[in-house]
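Using the sequences plus the hints, can you model the full thing?
Residues per chain are reported as follows:
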Amino acid sequence: MTSLLDRGGVGLRPHRRKFLNRSVAARTVAALLATTMITGSTASFAANVDLSKWSPEYIKSIAGTAEVDTAADCAKVVPRDYKGRLTYWWVGPTQAQPEIDHKMNAEFWAAWKEAYPNIETDAQNLDYNDMLNKVRTAALGNAAPMVAKFPILWGVEFAAKGQLQELKPEDVGYETSDFWPGAMKSVTYEGKTYGIPTNNETMAFIWNAKIFADAGLDPEKPPATWDDVVKYSKQIKDKLGVNGYGLVARQNAGNTPFRYMPQLWSYGGGVLDETSDTPAYKTVELNNAGSKAALQAAYDMYVRDKSVPASALTNTQNENQNPFIAGQLAMMIAHPAEYAKMVDLASKATGADKEKADAVVANMRYGLLPSGPARRAVVFGGSNVHIFAPELVDGGLDEKAAKAFVCFSTGPEWSTKLAWVGSNPGHLDGFTTKWMKERLDTIKFLDVTTSMLPSGIPFPVIPEQAELMNIIVPDMLQNALTGKMTVDQAADDAAKKVQDLLDGM
Amino acid sequence: MSTQTATPPPRFGPAIPRKRSKKRIGGWRWAGRGILAFLLLFTALPMAWMIITSLKSQLAALQYPPQWWPEEVTFQNYIQLLSPNNEVGQEFLQYFWNSFYVSILSTILGVAVAVPAAYAFSRFRFPGRQFLFFSVLLRNMFPAVVFLMPLFLLMKWLGLVNTHGSLILTYLTFGLPLSIWLLKGFYDNIPVQLEQAARIDGATRFQAFFYIVMPLSSPGIIATGIYAFIMAWNEYVYALTFMNSKDKLTLPVGLQRFFAEYATNWPGLMAASFIMSVPVVVLFLVLQKYFVRALTEGAVKS
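For the protein sequence lines, the chains are V and S, in the order given.
Okay, so the first sequence: first residue is 1 according to the numbering used here, each after it adds one.
Okay, so the second sequence: first residue is 1001 according to the numbering used here, each after it adds one.
Since the hints were made in silico from the structure, they are not lab data.
For clarity, every value in this text was computed on a predicted model and none was experimentally measured.
A hint or two may mislead.
[Stated by the list, open to error] One-sided excerpt, in silico: chain V residues whose CB lies under 7 Å from chain S:
1) 95
2) 128
3) 335
Built from N, CA and C at the ideal position, the CB exists for glycine as well.
Shown next as structure tokens:
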């Protein structure tokens, strides 16, 4: 498999304004493009964006080249004077997030009210850790909201239960090709589309330049491969006594697969065949040579070299943040939001704290995730918006109000603004807006995460994915790292568990 | 002989064993003090750390090794939470009021139902009394989450989802069994002859209950009230599930506002947790003598 960055391709005319209509020629050309994440027949571009040219320079060149009028665009789907009612649940900004998130959120609701003043909106901002169970209960009790925005793979569970209404970009005035193919794959279950991507995100590699320099490494260069990570981690530990790589292997924590799967995929492994262009999610690959090589690399760092935190077996990413900030950890996989948070804290710090915060930010470097023998890979994350089946909605579904809202929130403008520090717009045309330009000018970390997008691989889009990623994969890591099993045994054991799960045992 | 009379016989046996016994008692005493000191640290240190963290900036709270005392003490977290002039303060104070309102109503209603129920179980003999008495505990034999879905459906059917009524009703189902059992123990220890004397003097059964039994059982009623209040004040799962509107959330759910997927505002969370613990601590300190009395009542029978 090759990445988009490695491919040539036929470029499309940039900056062509579109809404609801497309040229047949463009579709034909697009259909020829194959991508890492594309599902066979799906087109792979938006009219103003040429994925075949994807690079930080290309993204900068298209940013700020298009004008958007969201309210006018959505008025073609639902008139602005429509009178109705909307209930909406989402994971919104909390007190732990940067000010800019709160500002954008407030601006969004003000703009929505201005665009559709007669739609009475009841929006509930839920906590990330609690939302899934709350929605499950509400849906079972026929008290679901009309619209909900979920982290990328929650929706498949509800789709599999028949609790979501079919919803595709064309239903709200956009086209499937306006969104990343990998993102569309995450809202597709058994051939039907149940949602629209709002934002897409990937993580990046972050390291402490001072520790690198002190350990005799080039402070400006991240490890190019995962083998280098193992090597660098050992060198740092041996020379400085501080931990090299921030391995996390906690059971039943989403942080673990988000950080371990890129390594596993890079070596050529997989849980199922999620790395293939057209995954069927039937073949178990957790004990193939690549998967075992990745597990061996983790074993080497934890057991052989002892170059990662001893508490990695119970650590989440939160436990990596403090040692990283304190210069006790050299490298980790980080979300853009983590970088943004540090910059935000530094900007607010005073007195002695200010000096420390500035030093932390000055020493932070970020780059692409390392590659492996098979590929460079990262988990394709983000969120999608869904509409619940009418019979499950508390007070009944107001479909027009729901579609107006989905159109408004998933368009180029708000899919960009609402993902300001931590993510990228779901709608590809968001990359052409002036807001994207502003983000690129002010958040340098974005260069890296946008560059990682073509290397993004979604977790398997099956209802069992949470069991696979949050239980079986961390269990495999723990079995190998604690010495309970050998690397081979742990991989084989995990593969058997996956097969049993797929077989319904 | 004279020697014998000059030396009085030891009153408690030989001196050497006595000294050994003293040493042993001293050692145990010190061991006990050590354990108590450890327990004190075990319970007090988290509280102290909570307060110290609440006085730090977010960056200082992320330092490793930690700052044992903040280099820059700040009360900003408290000011933000308690000020009605900013959005965070408005939300927090609303959550605080909601928790207080729900907890107080749950407590009052719980005590109002538990007092006559416990009295009935204590004083009256009726068919199925034992069965009913033990069956009230059935609810508390299962984890709370088992009843989440049935209660949610019930509240939906009653039209109470997203109202504080749903929480008050739910908390009653938790608190009542314990309250009834606790109060029955109290009534059992109040001599029935006191009521009989009142009845002879012309009081009705209700008057005997109200003027004689109720004042005597006030420690138990207060202890029961404290139990019910604390339980309602801290409850999280049902509040999260039943409440949908931001302006109706309670404090335990509101505390989640300090967590995000990739970050936690530790100083803000600790400040909010400290403020949240204040009513419970004050309530306990003011009423602790009743609480202790309630727990030890009936332990020794005269």
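Which of the listed hints are not met by the structure? No numbers; nothing is violated.
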